[in-house]
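**Student:** Sequence:
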Amino acid sequence: MTGMTRPPLNRRLAGFGTTIFAEMSALAARTGAINLGQGFPDTDGPEEIREAAVRALRDGRGNQYPPGPGVPELRTAIADHQRRRYGLEYDPDTEVLVTAGATEGIAAALLALVEPGDEVIALEPYYDSYAACVAMAGGTRVPVTLRPHEGSYVLDLDELRAAVTDRTRLILLNTPHNPTGTVLTRAELAAVAELAVERDLLVVTDEVYEHLVFDGAEHVPLATFPGMRERTVTLSSSGKTFSFTGWKVGWAVADAPLIAAVRTAKQYLTYVSAGPFQYAIAEALRLPDAYFDGFRADLRRRRDLLGDGLRAAGFEVYVPRGTYFITTDITPLGEEDAHAFCRSLPERCGVVAIPNSVFYDDPATGRGQVRFTFCKRKEVLDEAVARLQRLAL
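Residue numbers (this note's numbering): 1 to 393.
Take the hints with a grain of salt, since some may be wrong.
[To be verified] The list that follows gives simulated cross-link-like pairs (lysine to aspartate or glutamate, EDC-like), each with its CA atoms no further than 20 Å apart: (1) 248 - 383; (2) 378 - 308; (3) 248 - 89; (4) 248 - 42; (5) 248 - 115; (6) 378 - 73; (7) 248 - 128; (8) 378 - 293; (9) 248 - 119; (10) 378 - 304; (11) 248 - 47; (12) 248 - 283; (13) 378 - 128; (14) 378 - 298.
Since the hints were derived computationally from the structure, they do not count as laboratory data.
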């Protein structure tokens, strides 16, 4: 018997190995370092929502396959949320789809809407699943790079316009933006909408951090702009807003023909998931504004705590206006290689972070950038800050 003569991994996924999040979280576990790499909280969300999940389990709701589009209670809650928060009307029966987190929503949307050879524009640096999902759909990703400017990252609208060609099918937009923390303004979003309408483009928007914006920043869904509701698939999820990342309850909302297309792909991925948790998230979406305001204010305080500590340790800090994350520049520390820096950081001071270089098509673009998360308990951040001061010695 002879061995395999062809590599088992198909060419579309060549170059995609273990995700950086798995690699760095394993490094944290192995070294006992504080994990400020992967974006998951170290405390659970509201007790009443946990109890809602327990109640659903005990009542036998969702223990068997839930409906493919999601349980009606959650689809209705999602539609109500979009109406109440943004004035967007969606039919819960035909224009709302529950997914296994936003990551599955991204995969299903791209598999449904992108033909082999189509170009997909994405804001770079981007969440690593974007590149893999575009590849699986047979598309060609075209990065438009957010660049540092006066303490934050900004979108060059001229560069975005120049990236559109006759082969462009779709713009994959993420705001609030992971990893940079940029929140696109109304003016920037209006320009994106105008471009999409002019060039007849679809847009998939990743809005999982929609409730986590700071310093007067405003999250505005792209679907609210003229001509965009019928061409935009809006994705979000419960994990970041309610601190239940392990439940993997996400959703897509869009015009009925777009949701039908996404549902066609999604049904052959997980089909359904998280049955009892769907009922709990339906209740979470109806929590009073005080919950969202308090959670956001607490995260802002933790952002400031970590940001101040990183500056004191010698990093240049780009202050995020949204998300869980702070991007830093390590060159003031005399460092140049983000990947090497992050691999050595647990040994040097017992902290794990993520190299932003992995979020770029050309890793050299983010060679000096490192991302930290601040969605941890205050005492954990205090200890991390104390450890990071060793870099300043």
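**Student:** Which hints from the list above does the structure break, by number from lowest to highest?
**Tutor:** Those not satisfied are hints 1, 3, 5, 6, 9, 13.
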